[in-house]
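Visitor: Take a look at the letters that make up each chain.
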Amino acid sequence: MNNFTVEANELTRLYGGREAVSNVSFTLSKGQVLGFLGPNGAGKSTTMKMLTGNLAPSNGSVKICGIDMMENPKEAKALIGYLPEMRPLYKEFTVDEYLTIAARLHRVSAGNIKKAVEVAKERCGLGHMSKRLIENLSNGYQQRVGIAQAIIHNPMVVILDEPTVGLDPIQIRDIRALIREVGAERSVIISTHILPEVEMVCDHVQIIDKGKLVFNGAIDVLKKQRIGNKLMLGMHNPPSADEMLKIPGITEAESLSGGLMRIRFADGAAPAEAIVQAAVKNGWGLHQIAPDQTSLEDVFVQLTYQEQPIPEQSAA
Amino acid sequence: MIINVARKELKSMFASPMGWVILALLMFAFGTYYLNGINDYFAVMSGAMRPAERTGVTQFVGQIVYGFASFMVLFAVPLLSMRLISEERRSQTLPFLFSAPISLTEIVLGKFLGLVAFLSILVVYIGLMLSTLNIWADIDFGFIIANSIGLLLMVASFSALGLYFSSMTQQPVIAAILTFIALFALMFLDRFFAGDPSNTLASLSLTRHFQSFLGGLIDTADIAYFVLFIATFLTLTVRRLDADRLRG
Chain B
1 MNNFTVEANE LTRLYGGREA VSNVSFTLSK GQVLGFLGPN GAGKSTTMKM LTGNLAPSNG
61 SVKICGIDMM ENPKEAKALI GYLPEMRPLY KEFTVDEYLT IAARLHRVSA GNIKKAVEVA
121 KERCGLGHMS KRLIENLSNG YQQRVGIAQA IIHNPMVVIL DEPTVGLDPI QIRDIRALIR
181 EVGAERSVII STHILPEVEM VCDHVQIIDK GKLVFNGAID VLKKQRIGNK LMLGMHNPPS
241 ADEMLKIPGI TEAESLSGGL MRIRFADGAA PAEAIVQAAV KNGWGLHQIA PDQTSLEDVF
301 VQLTYQEQPI PEQSAA
Chain U
317 MIINVARKEL KSMFASPMGW VILALLMFAF GTYYLNGIND YFAVMSGAMR PAERTGVTQF
377 VGQIVYGFAS FMVLFAVPLL SMRLISEERR SQTLPFLFSA PISLTEIVLG KFLGLVAFLS
437 ILVVYIGLML STLNIWADID FGFIIANSIG LLLMVASFSA LGLYFSSMTQ QPVIAAILTF
497 IALFALMFLD RFFAGDPSNT LASLSLTRHF QSFLGGLIDT ADIAYFVLFI ATFLTLTVRR
557 LDADRLRG
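So the protein sequences, as listed, match chains B and U. Position 280 of the first sequence, counted from 1, bears residue number 280 in this note's numbering, the numbering being contiguous throughout. Position 84 of the second sequence, counted from 1, bears residue number 400 in this note's numbering, the numbering being contiguous throughout.
Pulled out of the complex, with its shape left as it was, chain U reads as follows (with noise of 0.2 Å):
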């Protein structure tokens, strides 16, 4: 039933012009970040003479062009995400999926899993268009797995974040809006705290579990962060569409 409402979600996605121009965007932002980062890896590279200057390619476009799809990823998440439920509200479709036979937490589940499903197609176009580095070098493909889980992680955590936006109100652009809004503060929230590295709340920034993915390690304890966080917000959202029943 998850597995449903999901493909519903993932072709409305695929049925608006939408959808495609935030793949088409995204992809050509990537090529050319990962083109300029092969580019710039050899004119540093040629400039580095001592073997301890040296880094892998891998690792050097890696990090340019992951870190510059967790910053990307900010912006397209909230446009994905805003018409999930707000769009259901405002055009009154939701006593459809309501109406059926599926709990809340199915209809929030595959939503979830629709949207993820989506952005996944971006992780996994990273993935292999930093694979192709593999004809010319010996690459880490151990690099990019950890990138690409952390990656993956991330944008789920957005969506789930986004989703519970798009349920509290009617109007698409104002989800977005506050998705983004409370996103930015999250993603840089650890800049607020950079004197003290150590403080609680500069270890909720997401930006800051990211960290380790990108560098190629994949810790329980980021992982279990994102998990959590994911979790939280799919609740919130599963008790927000359930307040719409018993409240009308």
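The following block holds chain B by itself, in its conformation from the complex (with noise of 0.2 Å):
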């Protein structure tokens, strides 16, 4: 027995003969937060509900801690907790009666599904809330519910579609905090459009586009790609290229207007200090120096609109 809580091989999903997600493999172990990264209608919420069971692949099977799902549904969706794009929420019921309600279908014994309520309101922050119909409730409110009705049963599994949206910046960091929290001895599944947020909380990534994995790697190879070895200089009277070029490590050197220059260095030199030198030497007037970030919205954009697939990453 291996430790993988969810296995996906070669999901393919067809809708009228195109493919809205295409043989898409992975693995995920325990204690790992895998984000879901891609552009709409890239296939991210139809492989999420492959995966919970609520969409029969086409081709390929789904494993719940070594349950398939399609062969032992009942027990694999026990082992799932699952937030849908559009929130599940019954709005004529209290918070309460609607999680009373969660935990029952989720197999929670007769006795502990009030502690299993408490715990859960308590983790969302929902505990002022209890008595208040679901309809009632803001939009960020109503979203925690549905996080809270994800985790009542304590999953081994929880699959979150798009958890932050709604969300006001405080509550975005009280649910990562949540997230990374569960992840920690379980397994979480995020899908998300927010960039930043994957790199805060994932550990893991996946960007899917038009249905095919485009890359699948640890965020760390992510976060490399994108920093890499540049520096960005502002100065007043700013040296030409050619002269930057002298200083050692310094690899490639690159003018851009307003006093700005991009360099590029070699792999393990630091020139920081040997430019600031130089600089106070030559009366460059540096006022500014700071290492150039690809974003990583940039690094998304390369990923998936480049033709060929980077390689794929091996999944740690």
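Since the hints were derived computationally from the structure, they do not count as laboratory data. Only true hints are included.
Straight-line alpha carbon distances no greater than 30 Å define the calculated DSBU-like cross-link-like pairs of lysine-lysine that follow:
| # | chain 1 | residue 1 | chain 2 | residue 2 |
| --- | --- | --- | --- | --- |
| 1 | U | Lys327 | B | Lys91 |
| 2 | B | Lys74 | U | Lys327 |
| 3 | U | Lys327 | B | Lys131 |
Note that this is a predicted model, so its numbers are computed, not measured.
Hints are included, so try docking the two chains, each in its own frame, into the full complex.
Guide: Next up, the structure:
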């Protein structure tokens, strides 16, 4: 027995002959948070629906903790907590009533239901909303109820489809902390459009585009790709690029308008100090020096718009 | 698990005014018919001199009330059954049930039982109301029991059909209209074949199978008809929901 909590094997879903998701395979272990990234209509939600047994894959299989979703759907579903894109809330109930129903349907034993409801409310910051009708809650609180519903039975795998949509910044921070907390002992899969969120919360990233997995690997790989060996300099009297290249370690220099200059340096080199010294000596009037980051957005655009996918990184 | 789904349905039935209003209106209507039935009984029986013309009070009042009830549920059930699945489809709450560890059959049976439990309040109410006659007269409880079973089977059949139509659409109103038309056709099918009562199509009519119960007779053939009717539409509903999962 391996320790994979989620195993997706060549998942394919056809909609009238068009492949919404094609050949998506990945695994997830205990204690990992996986981020699902992709432009609109890339197949994120479809993949999640297949993982949770809401949609039958046209091809391929899903295993949750080794239990096949097709063969033993009940046992597999018992291990999953799922928050779909559209919150499945029965608005005519109060928060307590709704969570009690959720706990009952997810086979929480009768004696533990009250406690499970309390714990879920507390974790999602819903304590003072117990008796309110879900209909009358604000968008952000409704979203919290949705998340509470997904974690109420303490599942092995929590799957959240865009969990931070509609929340204010403080709530987003709380929910991210919650995701990390759940992710520490269980497995979490989240999908999102918000790129920095992935960096903050996830330790694995998958970028999906047009139904195909274009990137699958640890978050560090993505980070490395985006930080790189680059510096951005701002000077009042910028020297020519050739002059800059004389400083040891610098491999490339590119003059930009407004006295800015972008330089690239070799791996392992740390030319910042040498640059400052040269700037003082030659009177370049250095006023800014900072690492130049490619934004995550750029990496994302690169990955989803380039013709050939970058070689797949092995998922740890 | 079936019970938990049924409890949820029952709870949401009472969480909206719809359930209460329908219950109140129907009880008011049944009460009125009951009262009228008793008045009529005295009026008719005082004119009936010979013993052969006389009928028991249970049968006289019971037939009025149960005959009326079987007609009234034709309007009530579509209104109650329409939102069972279509409403969930529209507000996208079905994934909540689909991703819980329960099978489609359990979901459908749970919803069906929830609605039948709600409607059985009416059946029990009518039974109790007629039993109050026992205070003044010596009534025939067998007649009331047979009629209650008949009415319960009838509303259960209506519910199964309503559940199926509810699973086919996103719009509760469309579900209600379709259910009403289908039930209406099935109820009055035997009228179309009045000249030829042995016609096979006529024996599909719901009213015809309710007739024996209305007379106080529990006929296994009629019970089998209702049970098969219910099973057919529940199976169709499960298949319809399964198609959602397969076709998306």
